[in-house]
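**Student:** In case you want the letters, here they are:
Protein chains: 2
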Amino acid sequence: MPIKFEILAEDKVTRARAGLLHTPHGVIETPIFMPVGTGGTVKGMTQDALEALGVQILLGNTYHLYLRPGHELIREAGGLHRFMSWPHPILTDSGGFQVMSLKSLGRVTEDGVQFRSHLDGSAHFLSPERAVEIQLALGADIIMCLDECVEYPASHETLQRSVGLTTRWAKRAKEAFARDTGLGIWDTGHGAGEPGQGNRDLGLGTRDSGTESRGSGLGIRDLGSEPLPPNSEFQITDSGSLAPSPEPRTPSPESRIPCPALFGIVQGGTDKELRRQSAEALLELDFEGYAVGGLAVGEPKLEMDDTLQSTAELLPRDRPRYLMGVGTPEDLLEGVARGIDMFDCVMPTRNARNACAFTSEGKVILKNARYARDERPIDPSCTCAVCRRYSRRYLRHLFVTGEMLGAILATHHNLHFYLDTMRRMRQSLLFGEFAEFYRRVRSRP
Amino acid sequence: MPIKFEILAEDKVTRARAGLLHTPHGVIETPIFMPVGTGGTVKGMTQDALEALGVQILLGNTYHLYLRPGHELIREAGGLHRFMSWPHPILTDSGGFQVMSLKSLGRVTEDGVQFRSHLDGSAHFLSPERAVEIQLALGADIIMCLDECVEYPASHETLQRSVGLTTRWAKRAKEAFARDTGLGIWDTGHGAGEPGQGNRDLGLGTRDSGTESRGSGLGIRDLGSEPLPPNSEFQITDSGSLAPSPEPRTPSPESRIPCPALFGIVQGGTDKELRRQSAEALLELDFEGYAVGGLAVGEPKLEMDDTLQSTAELLPRDRPRYLMGVGTPEDLLEGVARGIDMFDCVMPTRNARNACAFTSEGKVILKNARYARDERPIDPSCTCAVCRRYSRRYLRHLFVTGEMLGAILATHHNLHFYLDTMRRMRQSLLFGEFAEFYRRVRSRP
Numbered sequence: 078m079p080i081k082f083e084i085l086a087e088d089k090v091t092r093a094r095a096g097l098l099h100t101p102h103g104v105i106e107t108p109i110f111m112p113v114g115t116g117g118t119v120k121g122m123t124q125d126a127l128e129a130l131g132v133q134i135l136l137g138n139t140y141h142l143y144l145r146p147g148h149e150l151i152r153e154a155g156g157l158h159r160f161m162s163w164p165h166p167i168l169t170d171s172g173g174f175q176v177m178s179l180k181s182l183g184r185v186t187e188d189g190v191q192f193r194s195h196l197d198g199s200a201h202f203l204s205p206e207r208a209v210e211i212q213l214a215l216g217a218d219i220i221m222c223l224d225e226c227v228e229y230p231a232s233h234e235t236l237q238r239s240v241g242l243t244t245r246w247a248k249r250a251k252e253a254f255a256r257d258t259g260l261g262i263w264d265t266g267h268g269a270g271e272p273g274q275g276n277r278d279l280g281l282g283t284r285d286s287g288t289e290s291r292g293s294g295l296g297i298r299d300l301g302s303e304p305l306p307p308n309s310e311f312q313i314t315d316s317g318s319l320a321p322s323p324e325p326r327t328p329s330p331e332s333r334i335p336c337p338a339l340f341g342i343v344q345g346g347t348d349k350e351l352r353r354q355s356a357e358a359l360l361e362l363d364f365e366g367y368a369v370g371g372l373a374v375g376e377p378k379l380e381m382d383d384t385l386q387s388t389a390e391l392l393p394r395d396r397p398r399y400l401m402g403v404g405t406p407e408d409l410l411e412g413v414a415r416g417i418d419m420f421d422c423v424m425p426t427r428n429a430r431n432a433c434a435f436t437s438e439g440k441v442i443l444k445n446a447r448y449a450r451d452e453r454p455i456d457p458s459c460t461c462a463v464c465r466r467y468s469r470r471y472l473r474h475l476f477v478t479g480e481m482l483g484a485i486l487a488t489h490h491n492l493h494f495y496l497d498t499m500r501r502m503r504q505s506l507l508f509g510e511f512a513e514f515y516r517r518v519r520s521r522p
Numbered sequence: 078m079p080i081k082f083e084i085l086a087e088d089k090v091t092r093a094r095a096g097l098l099h100t101p102h103g104v105i106e107t108p109i110f111m112p113v114g115t116g117g118t119v120k121g122m123t124q125d126a127l128e129a130l131g132v133q134i135l136l137g138n139t140y141h142l143y144l145r146p147g148h149e150l151i152r153e154a155g156g157l158h159r160f161m162s163w164p165h166p167i168l169t170d171s172g173g174f175q176v177m178s179l180k181s182l183g184r185v186t187e188d189g190v191q192f193r194s195h196l197d198g199s200a201h202f203l204s205p206e207r208a209v210e211i212q213l214a215l216g217a218d219i220i221m222c223l224d225e226c227v228e229y230p231a232s233h234e235t236l237q238r239s240v241g242l243t244t245r246w247a248k249r250a251k252e253a254f255a256r257d258t259g260l261g262i263w264d265t266g267h268g269a270g271e272p273g274q275g276n277r278d279l280g281l282g283t284r285d286s287g288t289e290s291r292g293s294g295l296g297i298r299d300l301g302s303e304p305l306p307p308n309s310e311f312q313i314t315d316s317g318s319l320a321p322s323p324e325p326r327t328p329s330p331e332s333r334i335p336c337p338a339l340f341g342i343v344q345g346g347t348d349k350e351l352r353r354q355s356a357e358a359l360l361e362l363d364f365e366g367y368a369v370g371g372l373a374v375g376e377p378k379l380e381m382d383d384t385l386q387s388t389a390e391l392l393p394r395d396r397p398r399y400l401m402g403v404g405t406p407e408d409l410l411e412g413v414a415r416g417i418d419m420f421d422c423v424m425p426t427r428n429a430r431n432a433c434a435f436t437s438e439g440k441v442i443l444k445n446a447r448y449a450r451d452e453r454p455i456d457p458s459c460t461c462a463v464c465r466r467y468s469r470r471y472l473r474h475l476f477v478t479g480e481m482l483g484a485i486l487a488t489h490h491n492l493h494f495y496l497d498t499m500r501r502m503r504q505s506l507l508f509g510e511f512a513e514f515y516r517r518v519r520s521r522p
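Chains as they are written, first to last, in my numbering: chain A, 78 to 522; chain B, 78 to 522.
The set of hints was computed from the structure by calculation and includes no laboratory data. C-beta: ideal position from N, C-alpha, C; glycine also. Some clues are possibly wrong.
Unchecked claim - Once the Cα atoms are required to be at most 20 Å apart in a straight line, the calculated EDC-like pairs of lysine to aspartate or glutamate come out as:
id: 1; chain 1: A; residue 1: K349; chain 2: A; residue 2: E390
id: 2; chain 1: A; residue 1: K440; chain 2: A; residue 2: D451
id: 3; chain 1: A; residue 1: K444; chain 2: B; residue 2: D197
id: 4; chain 1: A; residue 1: K120; chain 2: B; residue 2: D125
id: 5; chain 1: B; residue 1: K444; chain 2: A; residue 2: D197
id: 6; chain 1: B; residue 1: K120; chain 2: A; residue 2: D125
Said to hold, decoys possible - Footprint (simulated), chain B over chain A, 3 or more residues, beta carbon under 8 Å:
id: 7; segment: 112-119
id: 8; segment: 123-137
id: 9; segment: 160-170
id: 10; segment: 218-227
id: 11; segment: 443-455
All chains, please: the whole structure from these sequences, using the hints.
**Tutor:** Listed below in structure tokens is the structure:
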């Protein structure tokens with residue numbers, strides 16, 4: 078059982094809840110915001126700074142890491158945690174969103190997505206199986222099924238086809254995951270192995286790593302090996318051979334990557350019936366957690382909230398729910414109120430690099446000439462390390478002169494703002510005051 | 078007396094010494110390395126990180142700060158310390174080096190330097206008086222005379238002319254400094270003042286701020302006002318009027334900038350006789366500290382060390398000595414051995430951004446493919462926060478993918494290396510072991 082989800086408090090009015098998500102690399106307090114660590118780094122932030130901010134889990138982009146430095150190199154390094162020196166939880170996406178949002182580069186077929194690298198134009202292929210394989214090499218705590226995220230607006234036919242494809246891909250991902258992890262052993266290319274030769278399916282059978290504790294199997298039965306104990310790790314050997322080693326192997330600590338959890342992704346655009354079909358099909362596959370994808374892709378805000386509301390209601394209470402790629406601080410509030418436990422978004426970090434800071438009184442565009450002599454901090458009511466020390470006039474100077482420190486400080490502040498927003502929501506949930514908190518924030522001018 | 082220099086230990090073999098330099102913003106342990114905070118920021122470093130590294134004094138570039146955000150804006154902000162939230166000592170250069178090294182842009186006359194902004198081509202003029210005025214607006218603890226730094230190689234005639242000019246400029250700088258600071262009051266443009274209207278000399282007379290405690294005056298007598306007490310501050314009023322205010326003013330804390338110290342700069346290329354002439358002329362003007370300029374501009378290393386040796390010997394024992402713009406870790410050692418107390422150089426920070434790290438075993442080029450799988454830290458014998466956490470393979474990935482964090486981490490490491498080099502030298506001096514330390518380092522393969 079790679080993850081365990083505990084609910085500590087549920088709001089009586091909304092569907093909001095506070096919980097603990099136990100993962101191989103530590104416990105996450107939900108609801109949680111996950112900063113985006115694109116290519117193994119949250120742009121402009123040291124890992125020490127992330128820890129000081131109270132970041133509990135990072136999101137890594139499989140697409141970027143696959144292209145550079147390559148998942149095989151990261152596997153050799155003992156996984157992404159070790160590679161980037163982040164010993165805390167990590168979630169990786171499937172890579173599909175990036176592949177498909179670079180539209181001219183990607184072509185979707187039943188089998189998967191053909192795409193060209195945005196770096197050198199080289200041809201690649203991403204399938205549900207390959208997305209699992211790459212993510213297992215990266216070694217995140219939570220990994221995602223490959224899904225198809227369609228644009229808004231889309232015809233009913235397009236959405237329907239997409240939901241069907243996403244469901245079939247989810248089933249294939251689940252099977253690949255069971256095969257690759259259930260095996261309890263696979264080659265990392267670490268040590269004697271040759272780098273870059275890809276993951277190898279040794280074909281020795283599969284194992285259900287979740288049956289006992291969860292009461293719901295992976296759908297593929299163990300072919301004879303012992304069930305993994307709780308908190309089990311699967312061994313990564315240093316053999317480069319396809320044949321099982323005749324000698325028992327004692328892996329070095331760095332060659333052991335704990336078994337991750339696989340999440341399914343509900344699609345269906347803003348069509349509630351399709352969302353229901355998608356959710357039900359995924360529930361039958363029994364994932365450890367469920368994500369809501371395909372929102373915040375251009376649909377009106379009210380439609381997004383409405384879709385999210387009805388979709389979240391379909392997801393089981395005892396599994397974490399993750400709203401992908403969302404969003405503004407207001408979106409986080411609406412998401413939590415609808416029962417979402419996890420969020421990720423580039424907004425706080427990307428906006429920061431463009432001199433846009435989030436504050437308790439709205440956005441502050443730090444390049445604005447009006448701040449040239451403004452000695453106030455970014456947000457006078459903020460307690461972050463940046464607001465305690467630096468003025469808007471200094472931040473403006475840094476952005477106007479193109480100094481790195483502008484992006485560094487604004488990123489720090491924005492992440493603090495997002496994390497603090499989540500912490501306030503969680504506190505209000507634990508104190509049984511979320512509905513009031515929600516009303517108070519909503520009623521702000 | 079804005080600064081006080083205490084010598085704690087002197088080596089018996091070399092001319093090296095360890096001391097304490099008391100400045101208005103704190104005490105500096107010498108010998109010291111000053112990271113370059115070009116435009117109000119050490120590129121890629123937060124002020125917190127600089128403090129954590131043990132940085133005691135920063136260098137600010139007058140040229141860059143004059144152009145952006147402008148010295149008047151910084152004066153309004155209460156000086157560079159407040160503007161950039163660095164409450165520790167700062168030294169500013171005169172701006173002359175940047176103006177003259179952008180050669181096609183600058184033209185040197187007896188009066189000063191005409192130059193065009195590298196940003197927008199706008200015309201500006203820098204004179205010895207103007208350099209003092211701008212630096213006083215920036216409010217550093219130590220400010221520098223405008224000097225002329227000629228290229229290597231240069232004819233004897235050129236060097237001779239340049240030493241003459243530098244000497245005359247030093248005298249003018251000294252007089253301007255005495256006038257501007259001795260006045261005890263000048264306008265900041267803060268509050269009621271209009272920004273951008275330039276510094277105003279109220280013409281109310283001058284004051285010797287150093288006579289009593291140093292036993293050596295500024296060369297210009299007080300015309301009637303009371304001498305400043307030790308650690309005195311000169312008041313910056315919020316009046317925008319040229320007429321003295323009829324009412325006594327109580328300045329707010331942020332409108333008081335402590336009086337800085339002015340250093341003279343010895344020039345003369347690698348000509349020892351010219352260096353002697355330059356030094357003697359400056360000594361007659363009696364500066365609070367002396368810099369050696371015009372070295373590390375292309376001359377052979379041995380010639381540089383030799384010139385430095387003979388020049389440093391001419392400078393008074395009881396004043397801090399500053400070797401400008403130097404240099405490699407080896408240069409620091411040779412400089413300290415010749416009696417230098419202060420150094421600045423862009424090398425650790427600029428090289429870091431170009432993926433070049435300084436280590437106990439020489440330079441490490443972090444982009445090099447050989448480090449793609451190297452799990453060692455930048456320098457296995459380094460104790461800095463970067464070497465304790467991150468691998469070369471991760472650093473290489475960051476540089477190859479152009480991630481900011483590469484520059485951030487390498488800058489941190491390089492500054493640690495430089496500061497640590499200085500700390501080791503200082504420790505060896507305090508323990509009476511410098512000559513041995515010097516021999517040991519020099520004898521390394």
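**Student:** Does each hint hold? Answer for all of them.
**Tutor:** Status of the hints after comparison with the structure:
Taking the CA atoms of A:K349 and A:E390, the gap is about 11 Å. The hint holds against a cut of 20 Å. For the proposed pair A:K440 and A:D451, the alpha carbon gap of about 16 Å is at most 20 Å, so the pair holds. Between A:K444 and B:D197 the CA atoms are separated by roughly 19 Å; this keeps the pair inside 20 Å, and the hint holds. In summary, the hint linking A:K120 to B:D125 is supported, as the alpha carbons are separated by about 18 Å, within the 20 Å threshold.
Taken as a hint, the B:K444 and A:D197 pair is honoured in the structure, with Cα atoms around 19 Å apart against an allowance of 20 Å. Between the alpha carbons of B:K120 and A:D125 the distance comes to roughly 18 Å, so the proposed pair stays at or under 20 Å and holds. With 3 residues bearing a CB less than 8 Å from a CB of chain B, the segment 112-119 of chain A meets the requirement of three and the coverage assertion stands. Restraint check on the segment 123-137 of chain A versus chain B: 3 residues with Cβ-Cβ distances below 8 Å, three needed, restraint holds.
Interface restraint, the segment 160-170 of chain A with chain B: holds (3 residues with C-beta to C-beta distance below 8 Å; minimum three). Counting residues of the segment 218-227 of chain A whose beta-carbon sits less than 8 Å from any beta-carbon of chain B gives 0, not enough to reach three: the coverage restraint is violated. Coverage of the segment 443-455 of chain A by chain B holds. Counting CB-CB distances below 8 Å, 3 residues qualify, and the rule asks for three or more.
In summary, the structure is inconsistent with hint 10 from the numbered list given earlier, while agreeing with all the others.
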